[in-house]
Amino acid sequence: MMKGLKKWRFPAMLAALALVLSGCGENYLSTLRPAGEVGREQFNLLILTSLIMLLVILVVVVIYVAALVKFRRSRLGEDHMPQDVEGSHKLEFIWTAIPIVLLLIIAIPTVYYTYKLGDVSAMEKADEEGNPEHLVVDVTAKLYWWEFEYPEYGIVTAQELVVPTDEKVYFNLKAADVKHSFWIPAIGGKMDTNVDNLNKFYLVFDEESKDLKDGVFYGKCAELCGPSHALMDFKVKTMNRDDFDGWVAAMKDTENQVADKDSSDAGEAAFAQSCIGCHATSAVGSTGAAGPNMATFGDRNRVAGYLDHNKENIVNWVQDPQKYKPGNLMPAFDSLSDEDLDAIADYLLGLKVEE
Amino acid sequence: MAHDIEIIEKTPAEYNYKKRNADRAMRGQLMMFALMIFMTLISFTAVQAGFSPLFVIPVILLLAAVQVGLQLYYFMHMKEEGHGLPAMFMYTGVLIAFLTVLTFVTIVWW
Amino acid sequence: MDLNTKFTPKSWPDHPETATMEAKNKFVGFWLFLGGETILFATLFATYLALRNSVPSGNDFSTQTLFELPLVFVMTMLLLTSSLTSVYAMYHMKNYNFKAMQVWLAITGFLGLGFLGFEVYEFHHYISLGFTYGNSAFSSAFYTLVGTHGLHVAIGLVWLSLLILRNARRGLNLYNATKYYTFSLYWHFIDVVWVFIFTVVYLMGVVG
Amino acid sequence: MTTAANTVAQKKGFGATLWDWLTTVDHKKIGILYLIGGGFFFVLGGIEALMIRLQLLVPNNDFVSAGFFNELITMHGTTMIFLAAMPLLFGFMNAIVPLQIGARDVAFPFINSLGFWMFFFGGLFLNLSWFIDAAPDAGWTSYASLSLASTGHGIDFYAIGLQIAGGGTLMAGINFLVTIINMRAPGMTYMRMPLFTWTTFVASALILFAFPPLTVGLFFLTFDRMFGGNFFDVDYGGNTIIWEHIFWIFGHPEVYILVLPSFGIFSEIFTIFSRKRLFGYSAMVFATVLIGFLGFMVWAHHMFTVGLGPTANAIFAVATMAIAVPTGVKIFNWLLTMWGGSIRVTTPMLYALGFIPSFVMGGVTGVQQGAAPLDYQLHDSYFIVAHFHYVIVGGVVLAILAATHLYWPKMFGTMLSEKLGKVTFWFFFIGFHMTFFLQHFLGLMGMPRRVWTYNADQGWDLFNMISSAGALLMAIGVIVMVINIIMTTAKNERVGNDPWEDGRTLEWAIPSPPPFYNFAQTPLVRGLDTYWIEKQDGNKKGYIPAEPLSDIHMPHGSFIPFVMSLGLFIAGFGAMFRVEHSWGLPVLIAGLVLTFLSMSLRSVKDDLGFYVTKEEILRTERGSK
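Residue numbers (UniProt numbering), protein chains in the order written: chain A, 1 to 355; chain B, 1 to 110; chain C, 1 to 208; chain D, 1 to 625.
What the hints contain is simulated information worked out from the structure, not anything from laboratory work.
There may be inaccurate statements among the hints.
As the list claims (entries may be wrong) - Below, computed lysine-lysine pairings styled on DSS-like, alpha-carbon distance capped at 27 angstroms:
id	chain 1	residue 1	chain 2	residue 2
1	B	K18	C	K10
2	B	K19	C	K179
3	D	K605	C	K24
4	C	K179	C	K10
5	D	K419	A	K70
6	D	K419	C	K179
Excised from the complex, chain A in its bound form (with noise of 0.2 angstroms):
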């Protein structure tokens, strides 16, 4: 089969299939719209065996058309006795050998792959002053919401992870209750985050999310999980190196804003009174919080990982946390007065480190 292509075909075939399916799905999304290297190291390999698969399927479908049209009874009559034939080694090895040559070519690169995607090692990497090469994030999975945390800097942030672009960002994955499983699909996937031990990866980020549709990639818990499983959302915001470095400023910044009773800030108040508990308002901290951090809330995309992001829903998410992500572990405060709630989500939406 492969005899007949020229060498530049396969290319230009490779070419045009990826151009057929990068028109499906969303950017923000779709796998099939890779925007990192490791994405798209394995939209390469889904193209590879994709054209090979359908070779195969194209030979199948020949020899069983032509067998069809061929040899139906209805033209061949009703007593056409057909001559037995025991089978053919030649060409029972023809099928035998020419799937395993193509099962190699897909073989090949699978396992080249597996190993560079597996490469954590660079991880520990310091140089001279003891500083980390690279970004590590830690990121925890919890029923239902992601917790990202950045040890080199000593910030914690939720449901929105924040990464520079164009370097590799390595990560720790853990579930603090459940089994989940932390998938950003126009990146690259996905590992699960056991609560066993910890996993590492590492993707590369290359577009700066601000011109997507919503500034942000999507991320998905890909593992179920109970309930709200298909609730756990996440989001990313890419950013380059100096607009990075400039947002974790601004999030140790945050080292000594916490909510205070006193406060003349009635959200505030009514926050530190009913929230502060579980809910930190500071970034500056580890991961192993009861609640999702509120330091960058009002920068967020979505309330809760996939409401829209306004008033009504933080007040209706407040009153009734279970209506909208079932088997969450927040309990309902409804017994909040409107102000109260009215005012706790504008101190929500203040919180906010960019710009």
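With chain A fixed as given, assemble chains B, C and D onto it according to the hints.
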């Protein structure tokens, strides 16, 4: 089917032959038993003597494997004819068993 | 021919365990069953090996502090010997010597019972130390592996008693010869599993 | 006395008929019981599937609640695999395989019946969860951290119900193995066995080796949830990955347990309706064995994203791809069987023709997922959902539907309507591709599987809607088939030995349905496709007898299998409610005692069977001519 069984009376010569064979086989079994006891003793002694685990563990595993072989082939008569199929299934079983154990001591490490 | 037909030592077939179609089926079927059992125990062994050092922090039960070899040695001898006695029983079965076979089987049963007694004592002892089933992943894996083997011994003993009692007055025939034979296969298999248990669990446990 | 057994069913009233079915050990009747049981659960699983697709019809739908949706997907998967696909295949194996090898009976009629009743009570137990407490909700894979965290008794129902049903499967597997090893007619060497028999043999061997790990895994889960075990509880040193390994050591061969017999069924269909012997028979047999063998070496490809490390992933990736080779051999052999034949497009053949492209599609996406780095993207996305439905529906369900039409006349003595059969096929086939083809792209476009709902405008809306519409077409197809069955049964037009006219194997040499002793005389087999050879030689009887006509020994029916299974069923409830209700422990013990007592009764009581006399055989044979 059951009614197909013919009852064949053995001649004294045949009977004696069978009996002699059986006795010889039984003596063989007894020897094997002695061997098994001996190997068990070695295993226990090797452990009690406190040799290096790197030496003891392979030795006792090997002895266990040999002992199991003896049980299968002598006590369970797998060496006799008519055991081709049982042997095939046992070997397949042992192979899959080995793979399972190998997996659990290598890639389940946390 | 009736399956209960009486034989003489001279007319008794060389391979009574596979003399009829039903017997052949039972014979092959039982071997296959043992093939499946191999995997069952392999999974238990594998799990035990993966979990044998897994105890929560602050829990200091370990294979080295827990296991005592003399007891295990005695248990091993009992079970090994019972394997030999069941070989004797089968020897007499093939010679159509019903009485001798029953006696050897009874001895096998008593040896098995002794083994089981020691195992119950051992478990009881560990539990009294606080090493209960729910103590840790190690304890769960240990009790499940060794306990499943013990359960097999217990089932074997029930099976054996039923065989001995039920056939006591009927004597040996082609209908029950296979039952005796498959029992002996089962009993040897239990012994095979024990060989691995004393090696992998106890000896390797003590070595560390 | 001896003649009474076979006339009971014909003469007695409802009570006696019921009793006959509850106690039967006749493999043909057990086959029918499996079809009834499996068919019921198939419809149940189908209704669950429809509810799933209805929920996903439009974004942000709230037709069902999130928790209920998880129960639906869990029960849909579990029901379809364990309670529908496998039992339905067992039904055909039971009904056909002993006939194909020229046997009067299976090796262990009693155990055969026990296997059925354990499946039945296990399935019943599992499905009672809808009414008592909660249904299992951790997916059919029931991954450990979630299945331990799941509240209510859902997962308990899963663990115990599958344990009982799984035990039945294991027994059925051993029974088939020994039947095929020992009960073949004279001359029926291994390399003369029809492909359906061969695939049954290999699938049964897979059952023998794959079900014990499941048994152990379910015990671990049971102990962890109900008896204080700590296998998967990380706080006590447990390890959840162990469950995943054990589950897939079982789970991957399970796929082949389903798909190999389906291959067998299609092999029969291709030869019959191409009027030509199977192309490359020995290669087919070898491929079957090889697939079965490799099936045990690849389970970790379900776990590429677990974090086993690149070495393990690479090994399992390459091993996985290797399976494509023997599978490809099979596909090409089927094509070449058609090539040069005389193809008659009957309903079964239509299914076989639909199977080829569908299964090839499922196979190639399987290879893509075998490429580990690519699988990091595909795993747990809708791509996977599409892939395994292409394999299971495109391979197994099409085979079951095909076999229903093919073997219906042999099992019931009357033909299903060809016209309605083709209507069923087209509805089902088009619906199937509509439902699942686009799901590949949904997965590639970032849609994770097992999601209860999804936000609008993520690019998924249209494809999901089309997919749901397809499910409806499949449902219509199944309804047409039910109508077909009812109409055919009502009409009851009798057919002869070989209703498809081109039957090749021994089952077509005897009346439809066969007398309860199958063959009046054990046949002598002279080659592959025995009946075809005899037909070519002009042998009117259909087969050459290997023995003179004489009395036939048959086993008695027995009620003990039913009682034994019932005992386990009762014990299951006891185990589950042991902690919160005082009656739990006594019920657990009582159930087990019931099982063991009835088992002992069986082994203590002599059951030597009975003889069918020569005269009665002659009478029956004349009657059926």
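Outcome of the hint check:
A threshold of 27 angstroms between alpha carbons decides the hint, and for K18 (chain B) with K10 (chain C) the separation of about 10 angstroms falls inside it, so the pair holds. The suggested pairing of K19 (chain B) with K179 (chain C) holds, with an alpha-carbon distance near 22 angstroms, which does not exceed 27 angstroms. Taking the CA atoms of K605 (chain D) and K24 (chain C), the gap is near 20 angstroms; set against the 27 angstroms cutoff, the hint holds. The suggested pairing of K179 (chain C) with K10 (chain C) holds, with an alpha-carbon distance near 21 angstroms, which does not exceed 27 angstroms.
For the hint linking K419 (chain D) to K70 (chain A), the alpha-carbon distance of about 24 angstroms falls within 27 angstroms, and the restraint holds. As the CA atoms of K419 (chain D) and K179 (chain C) are separated by approximately 53 angstroms, the hinted pair breaks the 27 angstroms bound.
Violation of the numbered hints given earlier is confined to hint 6; every other hint is satisfied by the structure.
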